[in-house]
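Asks: In case you want the letters, here they are:
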Amino acid sequence: MISKTFTIINPTGFHVRPTKAFVQAASAFPCTINVENKGKKVNGKSSLSMLTLGIAAQDEVTLEIDGEQEQEAMEQLGKLLTDIYE
Amino acid sequence: MTRLLHGINASPGMAAAPILIYSNSQPVIEESTVADTAAEIERLQVALQGARTELEQLRDTVKAKLGEEKAEIFEGHLMILEDPDLIDAVIEAIQTESINAEYAVQTASSSFIEALKQMDDEYLRERAADVSDVSGKIIRHLSGAAQTDLSQLTEPCIIVANDLAPSDTAKLDMEIVKGFITEIGSRTSHSAIMARSLGIPAIVGVGTLSGDIKTGTLALLDAVSGSVILDPSEDQKQEFAGKKEQYDRQQAELAKWVNRPSLSADGHRVELAANIGKLEDVQKALDNGAEAIGLFRTEFLYMGRSSLPTEEEQFISYKYVLEKMNGKPVVIRTLDIGGDKELPYMELPKEANPFLGQRALRLCLERPHIFRTQLRALLRASSYGNLKIMFPMIAVLSELRDAKALLEEEKAKLQGEGIVVSDTIEIGMMVEIPAAAVSADLFAKEVDFFSIGTNDLIQYTMAADRMNETVSYLYQPCNPSVLRLVRMVIEAARKEGKWVGMCGEMAGDESAIPLLLGLGLHEFSMSASSILPARAQIGGLDRKRWSELAEQALTMAAQDEIQDFVRSQS
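Top line first, the protein sequences correspond to chains A and B. Going by UniProt numbering, the first sequence opens with residue 1, and the numbers climb by one from there. Going by UniProt numbering, the second sequence opens with residue 1, and the numbers climb by one from there.
Chain B on its own, in the form it takes in the complex (with noise of 0.2 Å):
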């Protein structure tokens, strides 16, 4: 019967091929009762004896494979199986405590563990560890579950696991092994961060799974749009199939970029970044070819608790990604709170309108003690990597100038405290606000970088909520108003000799890219998926000549046309 999955995608990729359900979890074991002691010591016979057959052809299979001096650890373990101490204290706790098997041979087998671990010769001491792998055998036979020993497989397969430890991993044969699904796990567990090392197609987390799906089912795993399918029909086969095959040319040529500048077609040089919501996004916006941190959006450190973080927590996350960054640029945004993001323990005033509100810079200049906090974990990180500080929601260049004066105090602090901060933090702000972009060249003489903020900046230029559906028509990036408030930012920055950078959705729009490498935007920063999709797009750009086309497309009315002119011209 055809059955679908979901759960969340650890690492991209698909795969079709028959599962292999997987158990290397010690089972918890209750101590129980049994009734009939006799019909107990039965049942521990045949699960030793299933566990001699197992442990005989592993050891005859890697003899064959590896030779004879790799199988004896297999020749160990079916002495222990054999041992008569063991297997003797096992039976007597049956009869005499009429205790259930499972929990008569994981005591017995404790404490041979625990005397062995406490040997003078390490050698002996290791030894526990195959007194553990042994019960653990048998104990699995008990219960019914056979393990595979995942380093034997022969066949391709998907792997189905309640989730996978370090030593299940280490022992895949990549050529064989084409996926994993596990029942619990999230983004960061190991088994997702191993697969995507492996770089094979995973989905983790999609929840306990039934005891009616049987090794050998075929499964098609799209851990694209996070999805199983088990036991699929002929149609979605060949669904599948078509949509794998698109998708593995896809990346095929994607990956070609993960390591070239960003060079248009011409040779002019841009900077392609990824915006991180989380300490997790550093991983990913480097795999994904990422030479920047455009925006690192410090919000998840305040969200999600009962009280504000200290300098000392806010300083470790700060440091861990300019250390990760390793020499590449950071732009971190301090706290853009209000508006659609609330914090309770914050008790911020109910507004009529939170988007026109005290919001971002605005509350941070209200609330300095919060705001210094961030400004101190900053500073101290700062000597770790490459440090740019941008402040969100300037209106007016008194705001700017407060904020950094704070930041200019705190900076004097630390250095009489004997805290080294760098010299050469480049101090920069999001243009959002029309009121910034249009005065750009006032701000522009204060600040070394500017990054337009175009999802704020679309809505606060089209005055329509971008949360709000009736008016979302409105809400159009190739708006000539909003490109020309881009190109004025752009301008103006240029003849102070800044940098501009986007870090809005629009930043990674197909349809908007060719119209921003003409108008001269140098970063451009986005989600990290999209990244070398990006860089491929404007490696075929030329760039003087959409210098000349986004000139002209400026000159057009509406977003409709503009876009049509970028699609001919593409």
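Pulled out of the complex, with its shape left as it was, chain A reads as follows (with noise of 0.2 Å):
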């Protein structure tokens, strides 16, 4: 299992569409993918699921990622949480 720790730069932080981004990366890896933010982890396929972290500009986002191609998922997904979408 692998994580690493990212910040938010995304003004508006992570609505639906960066979620949709996100997850539909995330659904590709055969691997676990958890979310972690202000204590409260989720499963990171699932954008009700990354919805309810409230992911706000600035915040600290983990990811932990766990399986085959988690180093490739690590690199794709931590792209994708500090890209800037609007």
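These are computed hints drawn from the structure, not numbers from a lab. In this text, a Cβ means the ideal position worked out from N, Cα and C, and glycines have one as well. Hints should not be assumed to be uniformly reliable.
If you anchor each label on the Cβ, the simulated ranges turn out as follows [as the list claims (entries may be wrong)]:
(1) B:T61 / A:I9: 32 to 38 Å
(2) B:T53 / A:A21: 23 to 29 Å
(3) B:I29 / A:E68: 38 to 44 Å
(4) A:A21 / B:E92: 23 to 29 Å
If you want the ones that stay clear, here's a sample from chain A, every Cβ over 10 Å from chain B, calculated [unchecked claim]:
(5) S3
(6) T7
(7) P11
(8) G13
(9) K20
(10) A25
(11) F29
(12) G39
(13) E60
(14) V61
(15) G67
(16) Q69
(17) M74
(18) Q76
(19) Y85
Could you fit the two chains together into a complex? Lean on the hints.
Replies: Structure follows, in structure tokens:
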């Protein structure tokens, strides 16, 4: 299992569009992907659960990835977390 | 198979179109146990697929019609529909607890809805509504009732629903939706009010419709008589088309009169007012172009309850009507109970002749505490509009004087309490007892106006109970004796510079209107639906000519003769 923390810089946090991009990318990987924000950890392949994290700009979000292709997933998803969408 | 439905006319009009059965209600979900959980999961999968197809179609239509941006909301819905955490929670609940899919969907989605509602970010909080929308769709697919999106209708239709919510009616395209039929509701339910404001015909409260009624069945909606014919015969279709054409033509003609003043052909101005018996009637009066409320019957405040209405309750009702009329005159009649209207909690003694007994003002003067409460409520409301107070059933001057004295006492008390009371309240009386009509000259000196209550004036003049069928031939509005009394009242008032109105059925009767105009009646108060036809009729009458014709008519001996004469001269 690998884990890494990212700072969200998208000004409006993580609304539907970024969440959708993230979840679609995460769902393509066979490994388990968990996302943690402010002490709450959820399944990174569920957009509803991701929305309940209430990710805002400047939040420190940790990705915990376990299983096949975990390195590749971390690289790609970390990039999506730190993108600017607006 | 042809079927006939009856309901309440919520918004008048006629329409013929295929029906569209619309279900918006979140069905009540009951938890139940399922034996075969695998079959239940299969049922869930089918419903999910159905909901997905529906959403994809919706997305594509909206994208084509309104553009990519508007379609994004449905992309979001599709994402929720495919959410693994949601679906896994549903499947797990079915497997481990052996519960029905509907209940599992509701439970799983409500935990997400609750979590989203707690978010700090307003945008995320609003997503709770999306989850609720999607779970509702899945549940409707499970229960077999697919929902139609009302904003996406393309073919003319009449919507049939249990009831319609504001969010539903907001989406309607009036070019397409020709009418509504709802199972529940009253004239004041949201769908009824909406139908009236949109000006489309609606019938509400037709009762529970059985499942064999299908979308696409032709309906003839007649919201004038309050009936619907489903799957009509050719004859019924033709007859309806004829009625509709005539109705539409009439309405178009009448609509022109809503905002016009009530003027005779030679420019004489009268006032066309509405009789109301409950608060909802005010809007109808305004919609029909009423220039005033000529009779506000206050009995409804006292009926259908177990104790007297308080001063505050009455005040709120009076204030509501005065404010709603926005400065237009409102004649409020004090309590007219007894006679045929009984109130159990008042323990009125049984009388041999209730119409000749202790009713209306007679009762109020005998039980002044009841009367004073009403007078106080009226006086307090007076500063919110153009109030006129009217006393019913006066036979002798002392009754009028006693009533006015009580009013003055309450006014002084209120002013002593620092409450603002209008200085310009006109005080009037009903003229419904022949004694008052004959001596109208004496009464005219002590009131600001008269309102002739013809329903009672006719029965007291002719000594014929209007409820008794065997003497109903004597109930004659255009009887010379009745018309002569009307003339006496108008003449007496004119000499004192006071105005006269009429608030019985006769005021809206087309065979009486020319005579009443000719005799110099100032205010005609009638049921709201009669106002526009009356205004159109008066617009075609020459008042000077009818003054002469009325004098001629009053020399005739019988009602038939007078009515024939009016018809021949009109």
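Asks: Now, for every hint given, state plainly whether the structure supports it.
Replies: Hints versus structure:
With their beta carbons about 37 Å apart, T61 of chain B and I9 of chain A fall inside the hinted range of 32 to 38 Å. Taken as a hint, the range 23 to 29 Å holds for the pair T53 of chain B and A21 of chain A, whose Cβ atoms sit roughly 25 Å apart. Checked against the hint of 38 to 44 Å, the pair I29 of chain B and E68 of chain A passes, with Cβ atoms roughly 40 Å apart. At roughly 28 Å, the beta carbons of A21 of chain A and E92 of chain B sit within the given window of 23 to 29 Å.
Consistency note on S3 of chain A: stated as away from chain B, and its beta-carbon is indeed over 10 Å from all of that chain's, at 20 Å minimum. Distance check on T7 of chain A: its Cβ is at least 18 Å (rounded) from any Cβ of chain B, clearing the 10 Å threshold; non-interface status holds. Interface exclusion of P11 of chain A from chain B stands, the closest Cβ pair being 12 Å apart, more than 10 Å. With a least beta-carbon separation of about 7 Å from chain B, G13 of chain A fails to lie farther than 10 Å from that chain, contradicting its non-interface assignment.
With a cut of 10 Å on Cβ distances, K20 of chain A falls inside the contact zone with chain B, its closest approach being about 6 Å. Interface exclusion of A25 of chain A from chain B stands, the closest Cβ pair being 13 Å apart, more than 10 Å. With a cut of 10 Å on Cβ distances, F29 of chain A stays outside the contact zone with chain B, its closest approach being about 13 Å. Distance check on G39 of chain A: its Cβ is at least 14 Å (rounded) from any Cβ of chain B, clearing the 10 Å threshold; non-interface status holds.
The Cβ of E60 of chain A sits about 16 Å from the closest Cβ of chain B, beyond the 10 Å cut-off, so the non-interface label holds. The claim that V61 of chain A is not at the interface with chain B holds, since no C-beta of that chain comes within 10 Å of its own (minimum 15 Å). With 10 Å as the threshold on Cβ separation, the claim that G67 of chain A sits away from chain B holds: the shortest Cβ distance comes to roughly 16 Å. Non-interface call for Q69 of chain A relative to chain B: holds, since the shortest CB-CB distance, roughly 18 Å, exceeds 10 Å.
No Cβ of chain B approaches the Cβ of M74 of chain A within 10 Å, the least distance being about 20 Å, so the stated non-interface status holds. With a least CB separation of 19 Å from chain B, Q76 of chain A remains clear of the 10 Å interface cut-off, as annotated. Y85 of chain A, annotated as away from the interface, keeps every beta carbon of chain B farther than 10 Å; the closest lies near 13 Å.
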